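Assemble the whole structure, with the sequences as input and the hints as a guide.
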Amino acid sequence: MVATMRESIRIGCGAGFWGDSPEGPRQLVRQGGIDYLVLDYLAEITMSILARMKAKNPALGYATDFVSLVMKPLAREIAEKRIRVVTNAGGVNPEACRDALLAAFKEVGVELKVAIVTGDDLSGEAERLRAAGTREMFSGAPFPEKIASINAYLGAFPIAAALAAGADVVVTGRCVDSAVVLGPLIHEFGWTPEDYDRLSAGSLAGHILECGAQATGGIVTDWREVAGDWADMGFPFADCRADGSFEIGKPEGTGGRVSPETIAEQVVYEVGDPAAYLLPDVTCDWSQVKLEAAGPDRVRVSGARGRAPSGSYKVSATYPDGYRCATTMMIVGDDAAERAEAAASAILTRCGRLIREAGFPDFAESSIETLGAEASYGAQSGARATREVVLKIAVRHSSKEALQIFAREIYPAATAMAQSLTGFAGGRPEPQPVIRLFSFLIDKAELNPTVSVDETSLPVPAHIPAAAADAPSPARAVADVAEATSETVTVPLVALAFGRSGDKGDIANIGVIARDPTFLPWLRRALTPEAVGAHFAHHVQGKVERFDWPGLGGFNLVMHRALGGGGIASLRHDPQGKAMAQVLMSLPVPVPAAWLAPGGPLYSLKITGDA
Numbered sequence: 001m002v003a004t005m006r007e008s009i010r011i012g013c014g015a016g017f018w019g020d021s022p023e024g025p026r027q028l029v030r031q032g033g034i035d036y037l038v039l040d041y042l043a044e045i046t047m048s049i050l051a052r053m054k055a056k057n058p059a060l061g062y063a064t065d066f067v068s069l070v071m072k073p074l075a076r077e078i079a080e081k082r083i084r085v086v087t088n089a090g091g092v093n094p095e096a097c098r099d100a101l102l103a104a105f106k107e108v109g110v111e112l113k114v115a116i117v118t119g120d121d122l123s124g125e126a127e128r129l130r131a132a133g134t135r136e137m138f139s140g141a142p143f144p145e146k147i148a149s150i151n152a153y154l155g156a157f158p159i160a161a162a163l164a165a166g167a168d169v170v171v172t173g174r175c176v177d178s179a180v181v182l183g184p185l186i187h188e189f190g191w192t193p194e195d196y197d198r199l200s201a202g203s204l205a206g207h208i209l210e211c212g213a214q215a216t217g218g219i220v221t222d223w224r225e226v227a228g229d230w231a232d233m234g235f236p237f238a239d240c241r242a243d244g245s246f247e248i249g250k251p252e253g254t255g256g257r258v259s260p261e262t263i264a265e266q267v268v269y270e271v272g273d274p275a276a277y278l279l280p281d282v283t284c285d286w287s288q289v290k291l292e293a294a295g296p297d298r299v300r301v302s303g304a305r306g307r308a309p310s311g312s313y314k315v316s317a318t319y320p321d322g323y324r325c326a327t328t329m330m331i332v333g334d335d336a337a338e339r340a341e342a343a344a345s346a347i348l349t350r351c352g353r354l355i356r357e358a359g360f361p362d363f364a365e366s367s368i369e370t371l372g373a374e375a376s377y378g379a380q381s382g383a384r385a386t387r388e389v390v391l392k393i394a395v396r397h398s399s400k401e402a403l404q405i406f407a408r409e410i411y412p413a414a415t416a417m418a419q420s421l422t423g424f425a426g427g428r429p430e431p432q433p434v435i436r437l438f439s440f441l442i443d444k445a446e447l448n449p450t451v452s453v454d455e456t457s458l459p460v461p462a463h464i465p466a467a468a469a470d471a472p473s474p475a476r477a478v479a480d481v482a483e484a485t486s487e488t489v490t491v492p493l494v495a496l497a498f499g500r501s502g503d504k505g506d507i508a509n510i511g512v513i514a515r516d517p518t519f520l521p522w523l524r525r526a527l528t529p530e531a532v533g534a535h536f537a538h539h540v541q542g543k544v545e546r547f548d549w550p551g552l553g554g555f556n557l558v559m560h561r562a563l564g565g566g567g568i569a570s571l572r573h574d575p576q577g578k579a580m581a582q583v584l585m586s587l588p589v590p591v592p593a594a595w596l597a598p599g600g601p602l603y604s605l606k607i608t609g610d611a
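Mapping the sequence shown onto full-length UniProt numbering, position 584 (from 1) lands on 584, and the numbers just tick up by one.
Don't read these hints as lab results, they were simulated from the structure. For clarity, every value in this text was computed on a predicted model and none was experimentally measured. Glycine is no exception: its CB is placed at the ideal position from the N, C-alpha and C atoms. Mixed in with the good hints there might be a few duds.
Distance windows between CB atoms, simulated [claimed, not checked]:
| id | residue 1 | residue 2 | range |
| --- | --- | --- | --- |
| 1 | Q31 | E145 | 44 to 54 Å |
| 2 | K578 | L458 | 32 to 42 Å |
| 3 | G359 | P588 | 49 to 59 Å |
| 4 | E292 | D222 | 12 to 22 Å |
| 5 | I464 | G359 | 31 to 41 Å |
The following block contains the structure:
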């Protein structure tokens with residue numbers, strides 16, 4: 001418990017991924033009035049990249065941008081304003097990140113105390129985990145023979161302990177993204193491991209902030225309302241109180257938009273069952289979350305509930321699975337899509353023959369996408385007659401040498417195949433490693449999270465509740481029924497709802513939120529798992545689940561085996577499902593014809609659908 005509790009604290013998020021603009025932290029430090037700056041750098045694939053960096057150079061393996069582009073230029077202002085910093089930039093080498101930070105601080109003449117959180121890295125446990133028969137939690141696959149990285153998702157209490165020990169900067173390895181926000185809240189307000197409602201609310205604040213400008217109008221459905229601000233997007237902050245309540249805002253004078261709609265899109269991002277979102281510190285129930293405007297570019301968030309977490313940590317391992325190679329080229333003219341696909345087929349056939357003649361097996365996987373002919377829409381494509389497309393061909397093989405044959409045989413297509421084949425992007429393609437994700441659970445008692453400050457190491461064992469969380473169960477459905485009517489018309493889903501799509505490995509989710517509660521019964525009737533699965537039949541190979549989200553007035557659609565393996569294991573142009581919400585927005589939805597008549601809720605559309 002802290003000695004003096006502040007009424008509220010302001011936490012700003014300046015980075016949503018490794019490579020995000022340094023303008024974010026600069027803006028928040030100079031204009032945001034923040035108490036804490038948090039930065040989220042890690043994704044599953046990032047961990048494998050950092051592991052390869054560390055293998056080549058023991059002084060690497062962390063997000064170097066954090067030191068060079070954020071902390072070194074801002075260190076003096078951060079110290080003067082007494083802003084504390086929390087980040088997962090440590091990657092697979094928090095110790096090296098700490099050492100680089102201290103060297104940078106010395107260079108600019110600033111003293112800031114740095115703590116690191118370790119204990120997530122299980123790469124030394126690979127043989128034991130394999131011998132124990134560890135299986136992938138979704139597919140049941142056996143533990144891989146070769147591993148690139150193994151990291152558990154730690155919670156927020158080690159971060160709180162580091163702050164309590166006096167750290168000005170806390171650097172972690174892998175933790176759940178929201179923990180970089182929840183940790184400061186636990187420290188400032190003295191929350192205990194059993195304060196489940198507050199821990200859930202703090203995790204929701206972290207979930208909203210963790211992707212930076214996505215919460216302030218970035219990548220929203222109604223993009224025209226913010227397009228004029230894209231050049232100077234504001235980054236988000238949360239004003240948080242001890243009871244778990246909070247409001248989201250952004251620095252004055254910055255671009256973007258903070259509204260119930262923009263925040264709702266971020267709330268639904270990359271969540272499965274909203275009534276059972278599993279985190280190491282709490283099982284969150286966000287199904288009844290409410291959003292309300294609290295002023296210009298201010299949104300009040302309420303209704304988060306929590307219950308005990310499970311006794312396990314989720315662990316993500318990455319492993320190599322051969323190589324991939326991809327190329328793009330442009331084709332122009334009548335029948336461009338048809339000619340592009342014919343060229344792709346010929347290239348793959350030719351290369352397949354040549355690699356077999358060289359003694360290699362066939363490609364393990366291949367992908368053809370005609371970008372510009374609405375390849376993302378599958379059978380719903382309405383642009384087959386387009387006169388300009390970009391052809392993308394991608395292949396996967398266990399042998400790098402086999403893919404070098406593919407790379408060599410791309411350019412000959414320019415003289416031997418379709419006329420107007422031009423614009424080869426990036427020169428001859430180079431084979432790249434395929435890294436796959438392997439997720440599993442591990443007993444919390446097997447891990448030893450530790451905080452290191454100066455010469456002191458402090459163990460922070462996980463809270464293991466006497467009664468673990470129940471198994472996830474679908475959010476309760478709202479009992480509404482579409483009104484009976486004899487005359488209907490169809491309108492695109494975007495007229496009735498907005499949404500956001502995201503990914504978890506090979507699972508895609510699309511959150512859909514009604515623009516008006518009146519639309520919900522009709523959306524429920526149209527957005528069945530069967531209808532959504534049919535709309536994405538060209539992508540989805542597994543089941544489709546639908547979870548009700550009553551608080552937000554919408555649904556979360558979860559599609560399994562939908563991303564071709566996900567991340568860089570996927571050969572698709574959209575391996576993380578970022579475009580899938582927009583593809584769904586074209587789904588025809590039957591609604592009462594009266595809605596398009598004068599005075600009806602859709603009259604402004606001025607369209608005519610099918611009766």
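Evaluation of the provided hints:
Distance hint check: the CB atoms of Q31 and E145 are about 51 Å apart, consistent with the given range 44 to 54 Å. Between K578 and L458 the Cβ separation comes to about 40 Å, which falls inside the hinted range of 32 to 42 Å. Evaluation of the 49 to 59 Å hint for G359 and P588 yields a pass: the beta carbon distance comes to about 51 Å. For the hinted restraint 12 to 22 Å between E292 and D222, the CB-CB distance of approximately 18 Å keeps it satisfied.
The beta-carbon spacing between I464 and G359, approximately 54 Å, falls outside the hinted interval of 31 to 41 Å.
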